[in-house]
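There are 2 protein chains.
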Amino acid sequence: MEREHVSHEDGVVYEFEPDLEAVTTVEPGAKLTIETKDSLNGTIRTEADVIESIPSQVNAATGPIAVEGADPGDVLRVEIEEIRLAEDQGRVVTIGGFGLLDGHEGIESPRTRLLAVEDDALAFGDLEVPVDPVIGTIGVATESDSYTTLVPHDHGGNLDTTDMTAGSVAYFPVFQEGAMLAMGDCKAAMADGEMCGTGAEIATEIDVTLEVVSDPEPGLERPLVETADAWKTIASAETLEEACELANRDALELLAAEHGWDSTDAYMLSSLVGGLEISQVVDPLVTARNAVPKAYLEDPF
Amino acid sequence: MEREHVSHEDGVVYEFEPDLEAVTTVEPGAKLTIETKDSLNGTIRTEADVIESIPSQVNAATGPIAVEGADPGDVLRVEIEEIRLAEDQGRVVTIGGFGLLDGHEGIESPRTRLLAVEDDALAFGDLEVPVDPVIGTIGVATESDSYTTLVPHDHGGNLDTTDMTAGSVAYFPVFQEGAMLAMGDCKAAMADGEMCGTGAEIATEIDVTLEVVSDPEPGLERPLVETADAWKTIASAETLEEACELANRDALELLAAEHGWDSTDAYMLSSLVGGLEISQVVDPLVTARNAVPKAYLEDPF
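Here the protein sequences line up with chains A and B, keeping their order.
Using the working numbering, read the first sequence as starting at 1 and increasing by one per residue.
Using the working numbering, read the second sequence as starting at 1 and increasing by one per residue.
Watch out, some of these pointers could steer you wrong.
Pairs involving identical chains hold if they fit within one copy or between any two copies, as the list cannot separate such chains.
Unchecked claim - Below, simulated EDC-like cross-link-like pairs (lysine to aspartate or glutamate); rule was C-alpha separation at most 16 Å, straight line: (1) LYS294 / GLU128; (2) LYS31 / GLU87; (3) LYS294 / ASP71; (4) LYS31 / GLU2; (5) LYS294 / ASP126; (6) LYS31 / ASP207; (7) LYS31 / ASP119; (8) LYS31 / GLU105; (9) LYS294 / GLU258; (10) LYS31 / GLU81; (11) LYS31 / GLU241.
For the record, the hints were derived by calculation from the structure and aren't laboratory data.
Construct the complete structure from the given sequences, taking the supplied hints into account.
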């Protein structure tokens, strides 16, 4: 089967909302290559290019892509097969009013550093940072509210989660017919937390395979990601504490369903293995996840 | 050199304060075995034993141990060589008013589960949880305020950090002459977050080697831990966001000092590699850390 290409030139969204119009419709099992712009829309080409304040449109998400047969209550399965860099430099920036240490002594904004890509590494002064691409923004049409591509929520969106990388499988609740998947905002490298507000922002080509999990039991309220070793629930909220509560509750639901436990026994196991992780602390809502090693959770669906 | 044994029968503290009286004084380079009680002082022997509310004294920390030549401004280096279980069962409990999901629907407290240890694993129903011991409470005499052993702060204390394990090296700022190290509250296994409020609480014997780093540059304001792969700053605060800010700032200081960078460049690198991690979200102050891979930070002192 030939791999269909979907480019940002076919369409992008800057807002995840209930009513989105698909740029293409594919069948379950479809293999796609999705071309994404960098989060700053190509505006940063030299270190003299700086971002004074967050632009009204960032994180262009290529799509949306409708998947036939994806109905509300289903789960969209996105296997991330490969992420290739589509340019030879990334950029990391500070932006006024943005970032974990914004306004702290010694932290300057705006500042831009270009990071040349050579031999699968980014040059940071004399240091080399291995290229390890991450999809920053990935999600589906929302249930009722709308969220710009700067915001993460139950539909996904700006999750800035390092596990959204090649080899992982992302799962999203389907809120609208066709699911309406869109993604962009990739980084050539990113730390858990994304403290300064960006990773190494870069254009990419992403190979994915899309499937629909019909009538999942239990259902999914928020994103989930499967890595080589773990299932990780992902939750976004006003505070990290609230995000941790949601991610932990979602993990308990999966554990309780698979093992026939009550919530309290699941809670106790969750306190012993895997654990809470930070995705990002810089977006309008922050994101945490709860990792459950596969030794304790075989298959949630 | 014979290894000196320090037992909880020699002395424990339930409060880290500026003025502590040493149970023993050792020279730099001393190799010790430290015997610790379980965090609940041996009160939980069967599943009928439950904890209605947090006792006034928990996390007995064996010590304090004075180290000769440790002066305020120095750093105490604690190499954690081995942690052996000293009993054949751990216990995980829920306690009213305590834990990430305390009061949530379906979460019962108090509840106790005993976890039998066999062949380096804990039995949790049909599942086996590998034994991977962690020191929950470890710290030194404080600068001015006092903190019970339920609370983590700049002196260490109830850090509940999974990296406090065999093979790691913990570093603490010395606030008082002799440093006055004490530790206890070990877990046979614990998840990042310690969501239900406990890991598998258990008595242990801990082998450590103690050293003093004199006149460190830069100095240390809060705990730091060296793992096989990373240096991790550790910070505790009222909220996870504040703890993340402190841990990130401490990491920037180490990066800037080693590389001669300004804070903003260090901030940018911190946003690309390693990242923020959650230690615990259940104690009166919560704890986060910022991991910097050793590829980018060779030796902070």
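Quiz item: Which hint numbers does the structure go against, in order from smallest to largest?
Solution: 2, 3, 7, 8, 11
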